[in-house]
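> Read top to bottom, the protein sequences are chains A and B.
Residues in the first sequence are numbered consecutively from 1, following the working numbering.
Residues in the second sequence are numbered consecutively from 1001, following the working numbering.
Incorrect hints may appear among the rest.
Said to hold, decoys possible - Within a straight-line C-alpha distance of at most 35 Å, the following computed DSBU-like cross-link-like pairs (lysine-lysine) qualify:
| # | chain 1 | residue 1 | chain 2 | residue 2 |
| --- | --- | --- | --- | --- |
| 1 | B | Lys1109 | A | Lys453 |
| 2 | A | Lys462 | A | Lys377 |
| 3 | A | Lys396 | A | Lys154 |
| 4 | A | Lys429 | B | Lys1057 |
| 5 | A | Lys468 | B | Lys1109 |
| 6 | A | Lys429 | B | Lys1091 |
| 7 | A | Lys512 | A | Lys461 |
| 8 | B | Lys1109 | B | Lys1057 |
| 9 | A | Lys435 | B | Lys1057 |
| 10 | B | Lys1059 | A | Lys462 |
| 11 | B | Lys1123 | A | Lys512 |
| 12 | B | Lys1017 | A | Lys504 |
| 13 | A | Lys413 | A | Lys468 |
| 14 | B | Lys1017 | A | Lys512 |
| 15 | A | Lys461 | B | Lys1109 |
| 16 | B | Lys1089 | B | Lys1046 |
| 17 | B | Lys1089 | A | Lys468 |
| 18 | A | Lys468 | B | Lys1122 |
| 19 | A | Lys429 | A | Lys461 |
| 20 | A | Lys202 | A | Lys226 |
| 21 | A | Lys435 | B | Lys1059 |
| 22 | A | Lys512 | B | Lys1122 |
Said to hold, decoys possible - On the chain A side, residues computed to face chain B include the following (Cβ under 7 Å):
| # | residue |
| --- | --- |
| 23 | Leu471 |
| 24 | Leu479 |
| 25 | Leu519 |
To be verified - Label-pair distances were calculated between CB atoms; the ranges are:
| # | chain 1 | residue 1 | chain 2 | residue 2 | range |
| --- | --- | --- | --- | --- | --- |
| 26 | A | Gln311 | B | Asp1101 | 51 to 61 Å |
| 27 | A | Ala272 | B | Leu1050 | 55 to 65 Å |
| 28 | A | Asp349 | B | Lys1123 | 28 to 38 Å |
| 29 | B | Pro1028 | A | Asp349 | 52 to 62 Å |
| 30 | B | Thr1068 | A | Ala491 | 43 to 53 Å |
| 31 | A | Ala480 | B | Lys1046 | 23 to 33 Å |
| 32 | A | Thr289 | B | Lys1123 | 54 to 64 Å |
| 33 | A | Glu466 | B | Lys1122 | 24 to 34 Å |
| 34 | A | Thr336 | B | Lys1122 | 14 to 24 Å |
| 35 | B | Lys1122 | A | Ser553 | 53 to 63 Å |
| 36 | A | Arg337 | B | Asp1101 | 41 to 51 Å |
If you're looking for bench data, these hints aren't it; they were derived computationally from the structure.
Remember, it's a predicted structure, so these values are computed and weren't measured experimentally.
Every residue, glycine too, gets a C-beta built ideally from N, C-alpha and C.
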Amino acid sequence: MASAGKNLLTQLRCPVDPNCFNFESNKLRPSLRLFGPVDTAGPIINVLRQASCCSRCILRYLGEKNIEVYQQPRQILNDTLESLRKLASRDAIDNTNITNNLKSNTSSNNLMQIKQEIKEVPCVTCLGVLQDYCEKSFAEEIHNNIIQSLHEYKDYDLCVSLPPTFIVREHSIWTYLKENFKNPYDNYSQDEDIVSVKEAFKWICGGMLNKLYHVIHKYQSLFQVKIEFLFPKSETDDDFFDNYKNNLSPPRKVQKKSQRSEKNISNTLLSATSIRNILQTITAQEFRTYSSYPPKSTSQSVSYKVDFNRQSVFIAGRYNKYDRTISQTPWILDGTRKGDTSVQELICDPIIAKMKADGCKFSSSGREDVDVRMLGKGRPFIAEIVNPRSPFMIKKEILQLQNEINLATEKIKIRDLQMIERWDTSKLKQGEEDKTKTYSALIYSSEIINQDKILSLCNMKKRTLEQKTPLRVLHRRTLAVRPRAIWLMKAEFIDPHHFKLSMKTQAGTYVKEFVHGDLGRTKPNLRTLLDADVDILELDVESVDLDWPPEISEDISDSG
Amino acid sequence: VRGKPHEDLLILQHSNKICVITVAPSHPMLQCDRKITDVDFQVTPKLNRLKNKVSGKRKRGAQWVNETSPLCHITCNDGSKYTIDSCVKGKLIEINELLIDSPNILLEKPGTEGYIAVILPKKISRNENDENTMPGVDLLSKESYLKAVAERESD
Chain A
1 MASAGKNLLT QLRCPVDPNC FNFESNKLRP SLRLFGPVDT AGPIINVLRQ
51 ASCCSRCILR YLGEKNIEVY QQPRQILNDT LESLRKLASR DAIDNTNITN
101 NLKSNTSSNN LMQIKQEIKE VPCVTCLGVL QDYCEKSFAE EIHNNIIQSL
151 HEYKDYDLCV SLPPTFIVRE HSIWTYLKEN FKNPYDNYSQ DEDIVSVKEA
201 FKWICGGMLN KLYHVIHKYQ SLFQVKIEFL FPKSETDDDF FDNYKNNLSP
251 PRKVQKKSQR SEKNISNTLL SATSIRNILQ TITAQEFRTY SSYPPKSTSQ
301 SVSYKVDFNR QSVFIAGRYN KYDRTISQTP WILDGTRKGD TSVQELICDP
351 IIAKMKADGC KFSSSGREDV DVRMLGKGRP FIAEIVNPRS PFMIKKEILQ
401 LQNEINLATE KIKIRDLQMI ERWDTSKLKQ GEEDKTKTYS ALIYSSEIIN
451 QDKILSLCNM KKRTLEQKTP LRVLHRRTLA VRPRAIWLMK AEFIDPHHFK
501 LSMKTQAGTY VKEFVHGDLG RTKPNLRTLL DADVDILELD VESVDLDWPP
551 EISEDISDSG
Chain B
1001 VRGKPHEDLL ILQHSNKICV ITVAPSHPML QCDRKITDVD FQVTPKLNRL
1051 KNKVSGKRKR GAQWVNETSP LCHITCNDGS KYTIDSCVKG KLIEINELLI
1101 DSPNILLEKP GTEGYIAVIL PKKISRNEND ENTMPGVDLL SKESYLKAVA
1151 ERESD
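Chain B with its partners taken away, still in its complex shape (with noise of 0.2 Å):
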C-alpha cells in the first residue's frame, strides 16, 4: 500500500457491504517480537479520527475516507513508525478503542479484537458488477493474496 512494501491490509466484508479494517498477517509490524508503544488517530494536524461522530441510521457527520486517508499512525518500541491507511471510499463509522489504552492486541489478535476501524463503503449503483463493490481499488482475493505473499517469500 502506498508504495510502502509488504504494509499489508486485510479488509473483512460483510454481506451486509460493512468492511473491517485489520493488519494482514504478512505486515512487517507482526513479523517481529515487537511491542506498540502509541497509536496515533490525530492523522493530521486538522483530522482526529477519535473525534468522528455518528449518527442515525444513515450514519450521518461521519468522517469521510477515501483509498489513502489514514486512520490512524503506529509508533513500535523500536521506533519504527507505521501509517494505516483506509483501502475503502466511505464513511468512517467507528474506530477500535481498544487500541488506545491496550495498543498491544492488535499484534495478539489481528483478525479479531485487534481491529482498526469500522467502514461503511460508499453504494454502488446496481448497473456495476457486484463483486467489484469498491471500483478503482486493486484488492486482492485470499487466493491472490497467498500467492503474491508466497512469491515475495521466494525473492
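The following block holds chain A by itself, in its conformation from the complex (with noise of 0.2 Å):
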C-alpha cells in the first residue's frame, strides 16, 4: 500500500507541464491527508467553491498539508476536488460557472479530458495569490527581473508580504466555515492547523523558480526577493472597516490629533496588528454587523511588487597614505567639498563598480588627520559593501581589484586585500584601548637644541600622559581627561633646530598634543619636558600594531 502510495507520488511529481502525461485526477485523491475522511469532503466544497474559494483554497481549509499536493498545477486540482465533491452528493448542484477559461497550457485542451471548466474569478480568501501568482509565467517574470537587476544568485529567500485585508478575509471564512461545519472546524484553530496562503505560495512559486532555473530556496539566503502583494483601497473589505470605524466613539481618536484625526483613523485601523486585535475582541455576532461572511467576492486580483537585496558582503585589507591632502572620509564644510577625493573613495569606489552595489560603508582601526602620512605595513580596514549584485571574487580577481587600485593613484596603496566574514568585523575594533602605534614626528625647536636633554628624556621608560579632549576636536568630542601611556621614545637630530622624534604610544594618544601641549591641556608634553618652545612640522604613523587582516601572499597560484 505504502509503495503505491509512492509510486503516484512519483508519477505526480512534474507540475509544470502536464501535458507530459495523461492521467486522470482521480490518482491524485489516495494521497490527500485532510481533516476527515476524503468522502466526507463534498458539502464542504461545495459550500466554499459557492463563496467563490479556488481549488488551492480549499485544499487549504481541508485540511491539506503536504507541499506536493499544492504545486499540482490548478486544474488537477480542480478535477480532484470536483470528484469528491461528485462522491459526497450525486445530486451536486452545478454551482459555478462554466466557460472555457484555463490560463496557462491551454493548448493541450485536447488531451486534458476535461469535464467541466470552472471558471476561475479571483478567490475570495487569496484574492488571486495561488491562482494565478502560481503559474510557471510568474516565475519566470520573477527570474527575468532579477536578471534585469543584474543579481546573480545560486540561492534565494522569499519575503512575501499581503495587504491587510487577508486577515479580515481570513477570519471571514473561518466564522463562516465554523457556523455551518461545527464538526471538524470548532477543534482546529486557524494559526496552528492550517496551512496560511504565505506558506502555500512559498512552495508552489519556489518550487517552481528550483526546477526552472536551479536555484535553492533557502531560509535565511543571503540574497532576497521581496514581493509585496497589494490591493487596491477601494476594493478592501470596506464594509468592515467604514462600519468599525463609524462606530468607534469618536471623541477618544478625534482629542489625541487635531486636524489629521480622520485620517489617523483610518490609518489606524488599517494596520495589521489593530486589525488582529480587534478581530480577537469581537463576536461573531459583532463582526456580522461590520462586514460579510463569507467575504465579499471581487472582480479583481493582487497587484504586485518586487524588490531584491542581497546582504552586505565584507572586504578587508591595509591601506597606507602618502599623501598629505586627503581625508580619510569624504570631507564637507558647510556645504562644500573640502579635497578633491579621500581616502574612502580611492578604496571603495572601485570595488563598488566591480561589485555593482549601491554603496558602501567604510571604517579602518583608527584615523590620521589629512596631513600626516600612513607608512609600514598601513593601517587595518573594512568595506561593507551595500547590496553587491555580482559579489562572487575569487582570490585572482580580488589581486586583480588590487592592483588596480593600486595603480589608479600614488596617494594610496593597499594590501592584503580580501573577503572576509561578518563575524570576523569585530576584529577590526579589538583592542581599540590597548593596542599600540608608532608615530614619528618632525619637531622644530626655537632654540637650540640641547641634545643630551632630548637623548635623557628618550631614555625613560614608560611615561604617562594626562590630556584633556584637544581643542581641535572639542567641538565633537565630551571634554574629558584621558590618561595615555607613551612605551618608548628615541632622537634622531637634524640639525640645530630640527629633530625627528620617533615614539611608541598607546591607542588614543593624540600625538600633536604631545609635542605642543594645547595650551597646558596635555601634561606632561615635549615644551614642559624639554623646557623650549617646540612645534611640530611633520607628522607619520609609522605603524598600527593590530595583527589582523591576516597577510594575504600574492601568489597566483594559489587555489581559491
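With the hints as a guide, dock the two chains, each given alone in a separate frame, to form the complex.
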C-alpha cells in the first residue's frame, strides 16, 4: 500500500507540464490527508465553491498540508475536488459558472479530457495569490526581473507581504466555516492547523523557481526576493473598515490629534496589528454587522511589487597613505567639499563598480589627520559593500582589483585585500584601547637643541600623560581627561633647530598635542619636558600594531 | 571693553569655531611689573565659574555666557582690580584652573598656558556671512587691533 502510494507521488512529480502524460485526477485523491475522511469533504467543498474559493484555498481549509499536493497544476486540483464533491452528493448543484477559460497550458485542451471547466474568478480568500501567481509565467517574470536588476544568485529567500485585507477575509471564511460545519472546525484553530496563504505560495513559487532555474530556496539566504502584494483600497473589505470606524467613539481619537484625526483613524485601522487585535475581541455577531461572511467577492486580484536585496559582503585590507592633502572620508564643510578625493573613495569606488553595489560603509582601525602620512604595513580597514549585484570573487580577481586600485593613484596603496565574513568585522575594533601605534614626528625648536636633554628624555621608561580633549576636536567630543601611555621614544638630530622623534604610544594618544601641549591641557608635554618652545612640523604614522587582517601572499598560483 | 580704557582681550578662534579667551598684550595688567594675588571665579554672589560642569558632546549643563558676562575678577598686588568678560556668546566649556594655583602664569604666558577660558560659540545659521560668527560684537581683526593700539600710543 505504501509503495503504491509512493509510485503515485512520483508520477505526479511533474507540476510544470501536465501535458507530459495523460492521467486522471482520481489518482491524486488517495494521497490527500484531510481533516476528515475524503468522502466527507463534499459538502465543505460545495459551500466553499459557492463562496468563490479557489482550489488551493479549499484544500487548505480541508486540512491538506502536503507541499506536493499544492504544487500540482490547478486543473488537476480542480478535477480532484470535483470528483470529491460528486462522491459526497450525487445530486450536487452545478454551482460555478461554466466557461472555457483556463490559464497557461491551454493548448493541450484535447489531451486533458476535462469534463467541466471552472471559470477562475479571483478567490475571495487569497485574492489570486494562489491562482495566477502560482503559474510558471509568474516565476519566469520574477526571474527575469532579477536578471534585469543585474543580481546573480544561486540561492534565495522569499519574503512575502500581504495586504491587511487578508486578515479580515481569513477571519470571515473561518467564521463562516465554523458556523456551517461545527465538526470539524470547532476543534481546530486557523493559525495552527491550516496552511497559510503565504506558506502555500512560497512552496509553489519556490518550487517552480528551483526547478526552472536550478536555484535553491533557502531560509536565511543572503539574497532576498521581496514580493509585496497589493490590493487597491477601494476593493478592500470596506464594509468592515467603514462600519467599524463609524462605531468607534469619536472623542477618544479626535482629541489626541486635531486636524489629522480623519486620516489617523483610517490609518490606525488599516494596520495589520490593530486589525488582529480588533478581530480577537469582537464576537461573530458583531463581525456580521461590520462585514459580510463569507467574504465579499471581487473581480480584481492582487497586484504585486517586487524588490531584491543581497546582504552586504565585507572586504578587508590595509592601506598606506602617502599624501598630506586628502582626508580619510569625504570632507564637507558648510556645504562645500574640501579636498578633491578621500581615502575612502579611492578604495571603495573601484570595489563598488566591480561588484555593482549600491554603496559602501568604510571603517578602519583608527584614523589619521589629513596632513599625516600612513607608512609601514598600513592601517587595517573594512569596507561593507551594500547590496552587491555580483558578490562572488575568486582570489585572482581580488588581486586584480587590488592592483587596479594601486595603479590608479599615488596617494594611497592597499594590500592584503580579502573577503571576510560578517563576524570577522569585530576584530577591527578589538583592543582599541590597548593596542599600540608608532609615530615619527619632525619637530622644530626655536632655541638651539640641547641634545643631552632630549636623549635623557628618551632613556626614560614608560611615561604616562594626562590629555584633556584637544581644542581642535572639542566641538564634537566630550570634554574629558584621558590617561595615555608612551612606551618608547627615540631621537634623531637633523640640525640645531630640528630633530626627529620616534615614539611608540598607546592607541588614542594625541601626538600633536603631546608635542605642543595644547595650551597646557596635555601634561606632561614636550614643551614642559624640554623647557623649550617646540612645535611639530610633520607627523607620520609608522605602524598600527594590529595583527589583522591576515597577510595575503600575492602568489596567484594558490587556489581559490 | 565695557568702557574701561585699554582693557583688551584677545580671542583665539579655531576653525572649528571654538574660542579661547586670553588677555591681549596691550592690557594694563601686563604693562607694569606686577603680580597677581587672586583670581576669583565667583563672579556674582550666585554664580561661580568653577562650578561649571559640562557633559557629553553637546556640552550640556554648561553655563551660558554672552558678550558682557564676567568670567573672573583679578586682583593684583597693588590693589588694582580687573574683570575679564567673555566677549563671545555661547557655552562656557572650560576655565583655566591653572590660574587658581599659579595665577602669575597669566602674566608670563598670556597667549598660551595663561588663557582664561574656552567657549563654544552659539551656532549661527548658514545663511549668515561666514566671517561674522559673532554678530553684534565689535571684534577687531589683527590689523585693526594693531592700528588701534598704535593710535593709542600716539595720543
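> With reference to the structure, classify each hint as holding or not holding.
Comparing the hints with the structure gives:
This hinted pair checks out: Lys1109 (chain B) and Lys453 (chain A) have alpha carbons roughly 23 Å apart, not beyond 35 Å. At most 35 Å may separate the alpha-carbon atoms for a hinted pair to count; Lys462 (chain A) and Lys377 (chain A) meet this at roughly 25 Å. For the proposed pair Lys396 (chain A) and Lys154 (chain A), the alpha carbon gap of about 21 Å is at most 35 Å, so the pair holds. At most 35 Å may separate the alpha-carbon atoms for a hinted pair to count; Lys429 (chain A) and Lys1057 (chain B) meet this at roughly 22 Å.
With a C-alpha separation of about 19 Å, the suggested pair Lys468 (chain A) and Lys1109 (chain B) falls inside the 35 Å cut-off, and the hint holds. At most 35 Å may separate the alpha-carbon atoms for a hinted pair to count; Lys429 (chain A) and Lys1091 (chain B) meet this at roughly 33 Å. With a C-alpha separation of about 20 Å, the suggested pairing of Lys512 (chain A) with Lys461 (chain A) holds against the 35 Å cut-off. For the given pair, Lys1109 (chain B) sits about 29 Å from Lys1057 (chain B) by alpha-carbon distance, which is consistent with the 35 Å threshold.
A threshold of 35 Å between alpha carbons decides the hint, and for Lys435 (chain A) with Lys1057 (chain B) the separation of about 25 Å falls inside it, so the pair holds. At most 35 Å may separate the alpha-carbon atoms for a hinted pair to count; Lys1059 (chain B) and Lys462 (chain A) meet this at roughly 33 Å. A C-alpha spacing of about 27 Å is found between Lys1123 (chain B) and Lys512 (chain A), which places the hinted pair at or below 35 Å, so the restraint holds. Between the alpha carbons of Lys1017 (chain B) and Lys504 (chain A) the distance comes to roughly 32 Å, so the proposed pair stays at or under 35 Å and holds.
A distance of roughly 34 Å separates the Cα atoms of Lys413 (chain A) and Lys468 (chain A); the hinted pair therefore holds under the 35 Å criterion. The hinted pair formed by Lys1017 (chain B) and Lys512 (chain A) meets the criterion: a straight-line CA distance of about 20 Å does not exceed 35 Å. Between the alpha carbons of Lys461 (chain A) and Lys1109 (chain B) the distance comes to roughly 30 Å, so the proposed pair stays at or under 35 Å and holds. Restraint check: the Cα-Cα separation between Lys1089 (chain B) and Lys1046 (chain B) comes to about 20 Å, which is no more than 35 Å; the hinted pair holds.
Distance hint between Lys1089 (chain B) and Lys468 (chain A) is fulfilled; the C-alpha atoms sit about 23 Å from each other, no more than 35 Å. Between Lys468 (chain A) and Lys1122 (chain B), the direct Cα distance comes to roughly 22 Å. Compliance with the 35 Å bound is thereby established for this hinted pair. For the hint pairing Lys429 (chain A) with Lys461 (chain A), the CA-to-CA distance comes to about 28 Å; that is within 35 Å, so the pair holds. Restraint check: the Cα-Cα separation between Lys202 (chain A) and Lys226 (chain A) comes to about 11 Å, which is no more than 35 Å; the hinted pair holds.
Among the hinted pairs, Lys435 (chain A) with Lys1059 (chain B) is consistent with the structure: their alpha-carbon atoms are about 29 Å apart, no more than 35 Å. The hinted pair formed by Lys512 (chain A) and Lys1122 (chain B) meets the criterion: a straight-line CA distance of about 27 Å does not exceed 35 Å. Because the smallest distance between the Cβ of Leu471 (chain A) and any Cβ of chain B comes to about 6 Å, under 7 Å, the interface hint for this residue holds. Interface hint status for Leu479 (chain A): upheld, as the beta-carbon distance to the closest one in chain B is roughly 5 Å, under 7 Å.
This hint holds: Leu519 (chain A) has a C-beta 5 Å from the nearest C-beta of chain B, less than the 7 Å allowed. Look at Gln311 (chain A) against Asp1101 (chain B): about 58 Å separates their beta carbons, and that is inside 51 to 61 Å. Range check, Ala272 (chain A) to Leu1050 (chain B): Cβ separation about 58 Å, and the 55 to 65 Å hint holds. A hinted range of 28 to 38 Å for the beta carbons of Asp349 (chain A) and Lys1123 (chain B) is consistent with their spacing of about 33 Å.
At about 59 Å, the beta-carbon gap between Pro1028 (chain B) and Asp349 (chain A) stays in the expected band of 52 to 62 Å. Remark: the range hint 43 to 53 Å for Thr1068 (chain B) to Ala491 (chain A) is upheld by a beta-carbon distance near 49 Å. Distance hint check for Ala480 (chain A) and Lys1046 (chain B): the Cβ-Cβ separation is about 28 Å, which falls inside the suggested range of 23 to 33 Å. Taking 54 to 64 Å as the suggested C-beta distance range, the pair Thr289 (chain A) and Lys1123 (chain B) conforms, at roughly 58 Å.
For Glu466 (chain A) and Lys1122 (chain B), the hinted distance range of 24 to 34 Å is satisfied, since their beta carbons lie about 30 Å from each other. The hinted window of 14 to 24 Å between Thr336 (chain A) and Lys1122 (chain B) holds, with their beta carbons roughly 22 Å apart. Between Lys1122 (chain B) and Ser553 (chain A), the C-beta spacing of about 57 Å keeps the proposed range 53 to 63 Å intact. The hinted window of 41 to 51 Å between Arg337 (chain A) and Asp1101 (chain B) holds, with their beta carbons roughly 46 Å apart.
Every hint, counting from the list given before, is met by this structure.
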